[in-house]
Each structure stands twice: as structure tokens, then as C-alpha cells.
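Number of protein chains: 2
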Amino acid sequence: MSHFSIKPASSSTAARVGSVVTPHGTFTTPEFMPVGSQASVKTLDPVDMNRTGVQIILANAYHIYLRPGTQVIEAMGGLHRFMSWDGPILTDSGGFQVFSLARLGRINDSGVAFRSHIDGSEHFFTPELAVEIQEKLGGDIIMVLDQCHRHDLDTEGTMEAMHRTHRWALRCLDHHRRKDQSMYAIVQGGMFPELRKESAQFLASLEFPGYAIGGLSVGEPKAVTWAMLDEVIPELPTDRPRYLMGVGAPEDIVMAVAKGVDLFDSVLPTRVARHGAVFTDFGRLNLKNTAFASADQQLDESCDCHTCRTFSLAYLHHLFKCEEMLGYRLATLHNLRFMARLMQRIRDSIDQGSFDSFLNQFLESYRTSNESVRLEQKRKWLKAKASPVGTDPVL
Amino acid sequence: MSHFSIKPASSSTAARVGSVVTPHGTFTTPEFMPVGSQASVKTLDPVDMNRTGVQIILANAYHIYLRPGTQVIEAMGGLHRFMSWDGPILTDSGGFQVFSLARLGRINDSGVAFRSHIDGSEHFFTPELAVEIQEKLGGDIIMVLDQCHRHDLDTEGTMEAMHRTHRWALRCLDHHRRKDQSMYAIVQGGMFPELRKESAQFLASLEFPGYAIGGLSVGEPKAVTWAMLDEVIPELPTDRPRYLMGVGAPEDIVMAVAKGVDLFDSVLPTRVARHGAVFTDFGRLNLKNTAFASADQQLDESCDCHTCRTFSLAYLHHLFKCEEMLGYRLATLHNLRFMARLMQRIRDSIDQGSFDSFLNQFLESYRTSNESVRLEQKRKWLKAKASPVGTDPVL
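The listed protein sequences derive, respectively, from chains S and G. Its first residue numbered 1, the first sequence is counted upward by one per residue in the numbering used here. Its first residue numbered 1, the second sequence is counted upward by one per residue in the numbering used here.
There are no misleading hints in this set.
Identical chains blur together in the list; that is why a pair holds if it fits in one copy or across any two.
No farther apart than 30 Å at their CA atoms in a straight line, the calculated lysine-lysine pairs in the BS3-like style are these:
no., residue 1, residue 2
1, 378, 321
2, 380, 321
3, 288, 378
4, 7, 197
5, 197, 222
Derived from the structure by calculation, the hints contain no laboratory data.
Chain S on its own, in the form it takes in the complex:
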């Protein structure tokens, strides 16, 4: 059975509906993957995740390698059994975390040295080790190790990192043994159109079962993100899933689907939920807003999630004001249900040939935050990630 199949498209955009077959079930695309970095989608258990309608989750090799350690997961029979989630899992290779979260050490062709963000201990990742870790974790889809970098790196540096990413991709392919797992390549090339094109062409020639686009949505202006995507997508094989890493804002997902992206992941929906920001078709609401103190209606009248069906805005507001942990879970449940419903509506409208009008309608009603505000938030977040875990239990 082929890993990926696409339904006949009927949209004037590049949007398509597909399905991805994995050892833990088939999921439909376009799809958004919630992030369970440390083998837990923050605040939720597997029953909750099933209730939101999520089809596949992402876990992180970097975090899990550090804690509890690859050996523990292997001894427990793999990540699925460890966290009691029997749906598909994609594991990230740790490339992004090594370059953003850890204290970076020497990088050369053999691999990358880094210090743990938890205890400062020294580690060395090679492409081969990244594959081995992910084989032991047992995710259904695994990622090659790539070299990530700042979005404003110069041409020379970006080219060097890209070529290294390509050499590492070849070594990952060569080292990968567990053929029940599908390994995806990661396109790099920074903000340089010609490098993006080259990276996509080179990796496409290697016949990976899926292609991720890395190094985007890392602080660059939105227009640049879309321009890079426009370089990459035409070079990728039509019959393989395309995964835009780290993108999770509803308005960005809708746009990227129109450009032909199939898969997304981001901590955004779960992270902002723990700060009281909840998604609706009209943009985000802030549950801490005092306007909700006596609001006897549900958060989102059109939503069927546990939170919306059970509690009033006034109660959710109260939980956030009192820093009651239940609030973090209820907001997370809502945001993931919103994402699942959004992806379902995207798939349905593509199926029905009405994605163009869905796209326009959605973007018209969804009020987004100002781009400069957003970039500032992103900078703060990337900075906060660099400090030790545990200082802010909500982040």
C-alpha cells in the first residue's frame, strides 16, 4: 500500500485532499498535528486527544532523548505504548531544538555538539544517531536531521548549512533500517529563492516518501514565508505529502493549504491556550478579558467541544483569573477541537470544490493580530525557549 494517495482535486488553488497510511492507522490531509514535545500534549490525555478529533500528533526526539531517555522508551515498547496513544505519531529529529533550544557547540559534517537546556550536559547528534533514536522511539513518520539557523543568516552560511543538510539527508537514508517507518526529508535554504529551489530539487531526486519545509516561520516577514513556499512547492513531487514545519496559526494554515501544503505542526494552539487565548472563526478571544466575568454564553456557539458544551465564558474567565489548572486544559481542548474542525472544513470544501470561497470567507472574518505585534511575540517566545524549562509552567 502506498504511503500517500491524493483524491482528484477540484479547486482553482493547489489545495488537495489526501490520505496517509501508517502502521497506526490512516489519516486524512490537510491535517494539523498538535505537539507533545515531552511525550505529552500539554494538559491532555489520550482520551482528551481523541475527543478533539486529532488524527496524528508530533513528539520530539530531542526532548525525549534527554528525558526520560531513548532506552526507557525502548524498554517500554516504544512511544505509542509509553504515552498510551495508539494513533499515528511523527517524531521530529531534534534538529530544530538543537539549534534553537540547546546551547549549541561545534558543528561540522560529522554532526552537532550541544549542551542540554535542562542540565547543561554535553551531547553529540549525528544524522545516524538521530535516525537510531527515532527508530527506538518508534514513531510512524520520522524526520532527517537538518541544520537549522537564523532566518537572517548570509548567503554563504545558508548555502553551507543547506549543503550539509543535503549530505545528512543522504546519510539518514542510508542508515534507516525500520522500513515500517516513513522518513521525510527537510528542505532548507533560508530566505534565498534560488537556494530553496535547489534544496527542493536535490531532495526530490532522492525519492523520500514525504517532504518537509523547514526553516520558515522563524521570525521572517509573512510575505517572505509565502515567497519561499512558492519556490519550493513546484519542485516537490505531487504524489508525496508536503509538510510545513512550525506553522499553526489558522490564517497561515488556510493560506498554505491553498499553496498545496498537506501537513502542519505547531505549539501555537496549545501554548496560547495556556495563556487564555482561544480560537474562534472571528479571531482569538482572551479569556482573561474582564468583559467575560459575567458572560453566561459559551465561548464559541458553533463549537461542539467539551469546553463549549459544558462551561460558560464566565466560568472559564474565573478559572484563568484564579490560575486554576483546569482552565489550561479546557482552553487547550477547545483550541485543538477548533483546529480539527478547521482542517475538516478545509478538507470538505476541497472535496466539494468550494475551497476558494472557504478561504476567502475565513480570511475575511478571522481577525489576526498585527504583523509587528506577532513578530515581537515570536521573538519573545524564541528567547524564552532558550531559558531553562520549568521557570514558567504555563509556557
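Following the hints, put chain G in place on chain S, whose structure we already have.
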């Protein structure tokens, strides 16, 4: 229909099985009430609470009066609707919190002045106001306002507080309008046997539908707790529920049931859960113990809770090590299910005439912490309660 009825007892102890009828259903006794101080049993939603088998919960007039405020709850149709819990609720009057958590001001016969532990704002509670607040919250069982104090207060001070508590009880009775709610009296008298006896006798003469025993388990040695209980219980009417406030350690509950107590509440099972301490028949386990890092068995083989049926000790250990919020909820679910099962086993053994042997067996296998360690923990906790909320999200 009478508020309380007792099944014929068949134990050589004073233990009895009863049932309490409320507007939101009947619950069986002996029973333990989890605490939802701020209209939330920390980390759990009503579905979770139903899954644990809890029959009745306690909410706190002091906390809810301060946040979100009595008017909000009244406008939302009462506490049951606000928090989506349609089982019985007992609300505490706030007496204990005013004397332990708030910054205490002037006390005289008219009432007690205090400053909010949240923002320092000034408030004045009278017995009448405590009743009115609780009428607006709409709990099924409400409590009189009592004057609480340190366990080592002298005879004169203790006697003065007790007599004031008695005068306030009369005023609460006089002011109480909502006859669908049952209002319980609170016996005080400190650690003085003759005062305890006098308090119980006086309040018993007033024909309250239920009787609480307050001011115990507040730092005094366990032997003194039991001695006071032995003074009070014989003076209370047999046909009314007896509620020992603030007691929640499994070994203490079993002992107090043997002395004829019907109802308990404490934050202990939920609070220690958030620190990784989980109950078993052999005492508490600390989930952070590194011995559990690779433990592929369930926390408690005899437990049927969601946590035990779904996750390994190794996973729970991992969640606590990583400070994942899911861990706090899973440990809370287990501890409340343990309490519900413990109370069920207590009721069954009383029913079957085997409570004496259950008591001995339980106390023999349940390893408790050393009394001096426990008193030190209690002191720390009472002290921590006096600092502003929000400094430790786990407490």
C-alpha cells in the same frame, strides 16, 4: 423526607452507614468530600469527578465571595450551574479561611473584619452575611459561621471563641431562609475536654440537621484529636450526620469512622497528588522516586481508576520529572478514586458487620509518615497558605 437516615448498625465500633438526602441527590455515608475551594476541584472537571465516584464536593464561601464574587454566581444561577456539577455541594462558611488565610482584623460579637489574601481589600463577615452568601451560592448543605483559633489558645480565649460561636450559630439559624438547604452547626472548644462537651451539648439542643466538629487536626497531636472526638460524639444526636472538618488522611478517616463520624473533607488527597504523592493500601508512593523511572507496571494493581488502567508508573514518573501538567491531573484522579473506593470499602464492611477487621487490616498495612514529620508538613502548609495565592501553582 428526612435529611439523614441510618442503616441498622452491626459493628462493635460506633461506625454506621447512612444516607443523606439533598436537592441534588442522595449520598451515602461515611463519605469523603474533595475540596473545590474556588469552584474547581483542582485539575478536574465534572466528568473526571464522576469517574472517580465522588458523591459530594465542598466549595468555599470565602474564596468564591472574593472571586468571582457572590453576585456573579447568583447571576449564573448558582454554584452547581456555574461549575457544571449537578451532584450535592457543601459550602463552608468561610470561618476557617478568615482565621487562617486572610489577614485577620477586629473580631467582636457583630462579626469579623479581615483583609483579602488576594489583594488586601477589607471585608467584614457577620453570621448573617455568611448565611446570605451561602444562600446565593446555593449549596445543598451550608455551614454556620464559627470563630476558629490556634489549637494552643488558652482556656479563657478558647471559651470566649466558643461562646461567640454559639451565639453566631443562633443568629445563623434565625437568619436562614432557604429551607431547601440544610445548615450544619460547628462544635468548637479547642483542646479542652469540658469545653468540647459543653459546645456539643449546647449545639445539640438547637436541633441542627447536622453537626460538624471544627478546630481539630490543626496542628495538635493525634492523640488529642481523638480525645476531643471522644468528648464530642456522645453528646451529638445519633440521628444527625457528624462531620469532622479538615480530616482527609486515609488512616485518620478509618479511625474516625470507628468513632462514629459520617463525613469528612480535606485538600490532602488532591494537594499531595500535585506533589506526586499517591495513595495505595500500603501507604503513599512518591511518583518522583527514581525507582519508578523504568517501572512498567501500574501504580496500584488493585485500582480501577483511569490513571492506573491507562498509564505505567514510568510514564507518571516522567510527567512529574518534566513538570507536565497532565501528571497533576492523573495523580489527582487516582487519589480521589482511592478515597472513593476506601469509603465504599468502609461502607461495605460496616454493612457486612466486618468493619472491625477491615479497620485492623487497613491500619496494619497502611504505612503512615512519622507524626513529627507530619506536624512539620502541616505547619509549613498553614504558613504557605498565609502567603499570596499564585506563587506556587502546585500548592
